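Listed in order, the protein sequences are those of chains A and B.
Residue numbering for the first sequence follows our numbering, starting at 46 and increasing by one per position.
Residue numbering for the second sequence follows our numbering, starting at 9 and increasing by one per position.
In short, the hints are calculated from the structure, not lab data.
Predicted, not measured: the structure shown is a model, and the values here were computed from it.
Be aware that one or more of the hints could be misleading.
Covered by chain A, according to a simulated footprint, are these stretches of chain B (three or more residues, beta-carbon under 8 angstroms) [stated by the list, open to error]: (1) 52-59; (2) 108-114.
Listed next, with one range per pair, are the computed distances between beta-carbon atoms [stated by the list, open to error]: (3) A:101 <-> B:23: 38 to 44 angstroms; (4) A:86 <-> B:74: 22 to 28 angstroms; (5) B:105 <-> A:53: 33 to 39 angstroms; (6) A:115 <-> B:115: 34 to 40 angstroms; (7) B:105 <-> A:124: 32 to 38 angstroms; (8) B:88 <-> A:53: 38 to 44 angstroms; (9) B:120 <-> A:124: 36 to 42 angstroms; (10) A:56 <-> B:105: 35 to 41 angstroms; (11) A:48 <-> B:66: 21 to 27 angstroms.
The C-beta atom is built at its ideal place from N, Cα and C for all residues, glycine as well.
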Amino acid sequence: DAGVTQSPTHLIKTRGQQVTLRCSPKSGHDTVSWYQQALGQGPQFIFQYYEEEERQRGNFPDRFSGHQFPNYSSELNVNALLLGDSALYLCASSLLGDRPLGEQYFGPGTRLTVT
Amino acid sequence: AQSVTQLDSQVPVFEEAPVELRCNYSSSVSVYLFWYVQYPNQGLQLLLKYLSGSTLVESINGFEAEFNKSQTSFHLRKPSVHISDTAEYFCAVSEIYNQGGKLIFGQGTELSVKP
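In isolation and in its complexed conformation, chain A is listed as follows (with noise of 0.2 angstroms):
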């Protein structure tokens, strides 16, 4: 059973540039969240999703999108990179409705550095 991936594992782009990451979520699993970790620092949400749709979304501007396609996967758009867009981008897959808890589970992330 694979377990959250993640492509590309890193990337180098210039200011101004735009970036997709992209994610497969754990066989089962129909949510996933996105976290930027920048270094040294612990993981920030930034969205949400479920049904295509996104349930939630964390203080980041616009330039960060998203989609989740039917097959439950998902990317993550970054327009107009900025030097402090340099991260590691985390993917988490989840099922939504299991309970007591739709626990998270974490992908190896995406290190992006902005040049």
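With chain A fixed as given, assemble chain B onto it according to the hints.
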């Protein structure tokens, strides 16, 4: 709104010594509590969680954490650490009434176990 404070950014300790990683949280609503571990260049792995019931929860590799509602704390302890416990540890919370929703993380504590 919720916030999580990890009181120590770095904890150096000798092998086989006991360790405590401290976590305090602030929330106006009831929360679930978690400890995650992150090994170098990897994603997050759930170490243990408190949902309800006994305030002392244990992991399979010897860690335990105690939920203290009056002190709003969820400290992580291990009576005897191994070299392999060297990693970054994150305390996190999520709202009970937002099942499967966003996790709020602390800044992390780097545990360094020396021989």
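To see whether the hints hold, each was checked on the structure:
| no. | hint | verdict |
| --- | --- | --- |
| 1 | 52-59 | holds (count 5) |
| 2 | 108-114 | holds (count 7) |
| 3 | A:101 <-> B:23: 38 to 44 angstroms | holds, 42 angstroms |
| 4 | A:86 <-> B:74: 22 to 28 angstroms | holds, 26 angstroms |
| 5 | B:105 <-> A:53: 33 to 39 angstroms | holds, 37 angstroms |
| 6 | A:115 <-> B:115: 34 to 40 angstroms | holds, 37 angstroms |
| 7 | B:105 <-> A:124: 32 to 38 angstroms | holds, 33 angstroms |
| 8 | B:88 <-> A:53: 38 to 44 angstroms | holds, 40 angstroms |
| 9 | B:120 <-> A:124: 36 to 42 angstroms | holds, 39 angstroms |
| 10 | A:56 <-> B:105: 35 to 41 angstroms | holds, 36 angstroms |
| 11 | A:48 <-> B:66: 21 to 27 angstroms | holds, 23 angstroms |
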